[in-house]
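Participant: Chain by chain, the residues:
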Amino acid sequence: MVEREHLEGVLDHVPSALITLDDDMTVLYRNRGGETLTPTIEPGRDIWDCLRPIVNEEKIDRMLLREERVVFAARPDLPLLEWLMNPERLPDGSRILMAWDADILDEMVQRRITFVVGASHELRSPLTALLGFAEILNLEADSLSPPQAEAAEVILENAKHLASLVDDILDLTRNSFGELRLDLEEVDIVPIVCSVAETLRPQIEARAQTLEVDNAPDLPVIEADAHRVRQVAVNLLQNAHIHSPEGATLRISTALEGEHLTMTVSDDGGGLPFKDPEEAFLEFERGETDTQKRITGAGIGLTITKGIVDLHRGSIAVNSEEGVGTSFEVSFPLDREKARRDTFSGSL
Amino acid sequence: MSLVLIAEDSASIRLLLRRRLEMAGYDVIEAHNGDDAVSAIEATAGDAAPDVVLLDVQMPLASGTEIMDRIKGIRPDLPVIVVSGMPGLGTSEVWQHADGRVSKPIDFDDLLGQINALTSGLPRP
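Protein sequences, first through last, are from chains Y and L. Going letter by letter, the first sequence gives residues 1 to 348 in the working numbering. Going letter by letter, the second sequence gives residues 1 to 125 in the working numbering.
If we strip away everything but chain Y, and leave its shape as in the complex, we get (with noise of 0.2 Å):
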């Protein structure tokens, strides 16, 4: 008893807020520091219930399920703090929750995201006209001699490449604080699936390399962002694409496993040229033999992928072996609440 008073005295005197949480979520146990810096977090509450009014549900499951650092006021008149789940748990099976006061990192934050937010509005005007006019000359390409329509062609194919990094940038930085949101509504995927093959079909076909689309009948539909989740297919095909050889048999499919629903993308091509295929998910990885082969991309496709679907509550595999191909699974909760749930009280 007297060790437990000497140890809650130690825990009030931690100028930080510390929470315990239980396998359900609930909220067991607040520090001192905790009622001052966060108390809308109160013992016997759900922590999901606490949370959602005041932060988005894609930085609640960054931190709760992901564990990774986020940055937010427990309510707008309080200091923000940042906050961290402790992956370990207590020998009762309970967590810890810390939050500290986190001006100085916020205000960083802010400033980064501010700058690419700007940077990519003040490109995509000129990229518009670029782009734009690109496209024109292609339209009229039947006035222009050969070599002046080759020229307008690879123009465009640039400008839209352009196009897309300056995307791409803009989403791995929302995505790396927390800020990449989902727009969420039932989506079927089946069509979204054919759509992303045969907008990609003609550059596949162009490179000798035929696509197999496989879709299970009958497939539920899934709370998901439809754009998010064609991005996700476009990166997956537009990456196997890309980095399978002349003549490469590429494949996307879907199916019902269990409590999942899973799209997968494989290739009978070179493999990953990495080690360890999991790099292939790191901002700017780039495997060795892209550089040697000038494989054009930055490395974030995967990066942005995996973040999409990891704010899905689904998750990533990829499988990949040297001279066989590459397969990656995603793989969509039919069930997102549940997913949650799962994920929280799961397999630590």
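Everything labelled a hint here was simulated from the structure, so no lab data went into it. One thing to keep in mind: the hints can contain errors.
[Stated by the list, open to error] Distance condition first, Cα-Cα at most 20 Å in a straight line; then the derived SDA-like pairs of lysine to any residue:
1. Y/160 - L/72
2. Y/160 - L/20
3. Y/160 - L/107
4. Y/160 - L/86
5. L/72 - L/110
6. Y/160 - L/40
7. Y/160 - L/103
8. Y/160 - L/12
9. Y/160 - L/102
10. Y/160 - L/96
[Unchecked claim] Derived DEER-like restraints, expressed as beta-carbon distance ranges:
11. L/99 - Y/183: 17 to 25 Å
12. Y/218 - L/69: 43 to 51 Å
13. L/48 - Y/107: 50 to 58 Å
14. Y/207 - L/77: 47 to 55 Å
15. L/46 - Y/185: 37 to 45 Å
16. L/22 - Y/199: 22 to 30 Å
17. Y/191 - L/63: 53 to 61 Å
18. Y/107 - L/99: 35 to 43 Å
19. L/62 - Y/319: 51 to 59 Å
20. Y/186 - L/69: 28 to 36 Å
21. Y/122 - L/22: 22 to 30 Å
22. L/22 - Y/323: 51 to 59 Å
We put the CB at the ideal spot given by N, CA and C, even for glycine.
Since the structure of chain Y is provided, determine the placement of chain L on it from the hints.
Facilitator: Below, chain L without anything else, positioned relative to chain Y:
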């Protein structure tokens, strides 16, 4: 053919929009900022009046929301398609209330489809 008013501060993008719209058979008038766009709507009537406005929501002098309110105050029936370099950021109100929306870089198949949908059925030949 329908008449489109382009309100855009970038000369390159005004020229681009004019070229693509004229290629699709539309007539075009231009405004360099929001105030000019409002003046053009006030000053025109009948055949000279625009059937649809393409409004860049990030122009100097006045906010996109303010310009759209003023346009709708003069001609509530006049459809406004907003063009934005940064949808969802700072422009959300005008973005939500617009009759159509496109983001930069512009997908012209999408834009021409929206203009066509908003102007079809108009008495103008």
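Participant: Please test the hint of 51 to 59 Å on the beta carbon pair from residue 62 of chain L and residue 319 of chain Y.
Facilitator: With Cβ atoms ~55 Å apart, the hint holds.
Participant: Using the C-beta atoms of residue 218 of chain Y and residue 69 of chain L, is the stated range 43 to 51 Å upheld?
Facilitator: 48 Å, holds
Participant: Does residue 160 of chain Y pair with residue 102 of chain L here, judged by a C-alpha cut-off of 20 Å?
Facilitator: OK: residue 160 of chain Y and residue 102 of chain L at ~17 Å, within 20 Å.
Participant: Has the hinted range 22 to 30 Å been met by the Cβ atoms of residue 122 of chain Y and residue 22 of chain L?
Facilitator: Holds: the Cβ-Cβ distance is about 28 Å, inside 22 to 30 Å.
Participant: Assuming the hint says 47 to 55 Å, is it satisfied by the Cβ distance from residue 207 of chain Y to residue 77 of chain L or not?
Facilitator: 51 Å, holds
Participant: Holds or violated: 50 to 58 Å for the Cβ distance of residue 48 of chain L and residue 107 of chain Y?
Facilitator: Between residue 48 of chain L and residue 107 of chain Y, where Cβ atoms are some 53 Å apart, the hint holds.
Participant: Quickly compare the C-alpha distance for residue 160 of chain Y and residue 72 of chain L to 20 Å and report which way the hint goes.
Facilitator: 35 Å, violated
Participant: Does residue 86 of chain L lie within 20 Å of residue 160 of chain Y when you go C-alpha to C-alpha?
Facilitator: Cα-Cα ~17 Å, so holds.
Participant: Given the hint that residue 160 of chain Y pairs with residue 107 of chain L, does the C-alpha gap stay at or below 20 Å?
Facilitator: 11 Å, holds
Participant: At the C-beta level, are residue 22 of chain L and residue 199 of chain Y separated by a distance inside 22 to 30 Å?
Facilitator: 28 Å, holds
Participant: Falls inside 51 to 59 Å, the C-beta gap from residue 22 of chain L to residue 323 of chain Y?
Facilitator: Holds, since residue 22 of chain L and residue 323 of chain Y (Cβ atoms, about 54 Å apart) stay within the stated range.
Participant: Taking the Cβ atom of residue 186 of chain Y and the Cβ atom of residue 69 of chain L, is their distance within the range 28 to 36 Å?
Facilitator: 34 Å, holds
In this structure, the earlier hints numbered 1, 5, 6, 10, 17 are contradicted, and the remaining ones agree with it.
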